[in-house]
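Residue-level listing of the chains:
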Amino acid sequence: MHTSSKLKSEFIKKWVKGLQICCSSKKNMDFLERKKKIKLCADIALACAKNSTSWSIALISEAKKHDENKTLVDNLLRPESQIKPQKTNHQMCASHKRVRSKKILKKSHHVCQRMKKMGPPKSNIATYIAKRLVKKRTQVLKRLVPGGESMDEFSLIEEALDYILSLKVQVDVMRTLANATEVLNQSDSSIFD
Amino acid sequence: MLHCHYTTMNIPGNTSGTDVSVLERQQARMKWRQQQQQGLSNDDHCFRGLVEIKPDPGLQYGWPDFSDACQDQLIPPLVADHNLKKRKTHEDHKQKAVSKENGVKDKKIKRCSEENSTETSPKEKPKAVETQKQEYIHVRARRGQATDSHSLAERVRREKISERMKYLQDLVPGCNKITGKAGMLDEIINYVQSLQKQVEFLSMKLATLQPRLDFDIDSLIMKEMFEVPAIGYSSEVANSTYFQVNSLLEMGNSPIDTMLRRSIGGPVSIPETFVVSSCFNQMQPGVTWDGDLHNLYRMEIQQESTTIPFQHKFTGSYEGSNLKMEL
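Just so you know, the sequences run in chain order A and B.
The opening residue of the first sequence carries number 1 in my numbering; numbering runs sequentially from there.
The opening residue of the second sequence carries number 1 in my numbering; numbering runs sequentially from there.
In isolation and in its complexed conformation, chain A is listed as follows (with noise of 0.2 Å):
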């Protein structure tokens, strides 16, 4: 597919340059701390090569709280955010407002439901249990999907949809990566052998 692997481009551009910009800071770090980088790096350089999407926006809104990913997210950010800051900083914001004003609204959804789980459905159970099982499915989604709370049912299949596909397009090229590395290292012990 054409658009994935321009993504996939993308991706290992950012993730390179993010793994870089990481490695200045700091010389000598564990395998611990080397592996929360590289994740790091890899789920801010995905949420930045897709900008336009309300997950990957949910993703970087969120690595920025912490100042140590500051930088980091905003040089990953700073070619193409040219164009598309203030929508990003919009949206971010427009995201946090969804997100207490949906707090607000699950609180009180919850109360009502509370009440009305008084007396089961009388007319159909099948449906109703039906009902139940998606509606803990989808919550159980919106946990997974970075930024997903805050989405009705049909965008938060939208933003999975998306979401799965930027996943696997990272995990491909991790998983070459790793190939390649590993590959390369077992060529390498064996010169010195």
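It cannot be assumed that every hint is accurate.
Unchecked claim - Calculated cross-link-like contacts (lysine to any residue; reagent style SDA-like; alpha-carbon spacing at most 25 Å):
{"id": "1", "chain 1": "B", "residue 1": "K177", "chain 2": "A", "residue 2": "R137"}
{"id": "2", "chain 1": "A", "residue 1": "K6", "chain 2": "B", "residue 2": "S194"}
{"id": "3", "chain 1": "A", "residue 1": "K6", "chain 2": "A", "residue 2": "Q20"}
No lab work stands behind these hints: they were computed from the structure.
Following the hints, position chain B against chain A.
Showing chain B alone in chain A's frame:
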């Protein structure tokens, strides 16, 4: 988008005031629609049925039930004491009566009834206003289904969701057999979780493989790919990697070039180019890829004579440019 605002505006006095205007709007809409669809005779019937304010029981259009029902719809709006219930029973009768007719005409009927039944909701207003622009999705109620605005909006929403679900089915592997929404969601959740776990695992693997964080290797590779496009690859090499390198070049990635030039200092050996180009462009299973790799290395040892080592950035794992190995 279909906006449905549900207000309870069933005050008789209020509705009678808006009834006539609603009727006029409906007439305007029907006129416009008639212009759009000339071929069907039903339009005339429906239109005529709506225009005639006084119900004409003597009219025989060939579908007496249809005309009756359609005209019956007119009476309640004019009389202030209409009930939604009454209209709904009319609709029921109508549905039974027109059960024999074909689908097209059914749809016309339903549309009439839909317009008439949604009279109390303010959604009607924007629809009428924007008749010419047609911004709203004009939903047709299907045969044998309820036609009030609530269920219509629900249906639209459900259709959208099911459309997206179908797309997701193609995306998530192993979802072809599952049809229910809950099962699909379950699969999606599992898939997303597995992908996230894979990312974690791979980042851990990369952390073990690389003593330092900088992945200069692929920047080197990419630089090499764009700087040296004209190197003659032998025929064995140019199986797929060459074409893929070309395709990558065609994407016009000059920003990579400039960025990488800033960060890197020197040329790299070609084998790494092949390694990672084959990595990034081919999703081959590991075994065959390793086989290719062996071929490539052998090829390069024959072809390349000198490679400038890139020492200062690599640690022990690479000294990669001095890959004069036997595999």
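Against the structure, the hints come out as follows:
1. B:K177 <-> A:R137: Between K177 (chain B) and R137 (chain A) the Cα gap is close to 19 Å, so the pair holds against 25 Å.
2. A:K6 <-> B:S194: Roughly 24 Å separates the two Cα atoms, so the pair holds.
3. A:K6 <-> A:Q20: 21 Å, holds
In the structure shown, no violation is registered for any of the earlier numbered hints.
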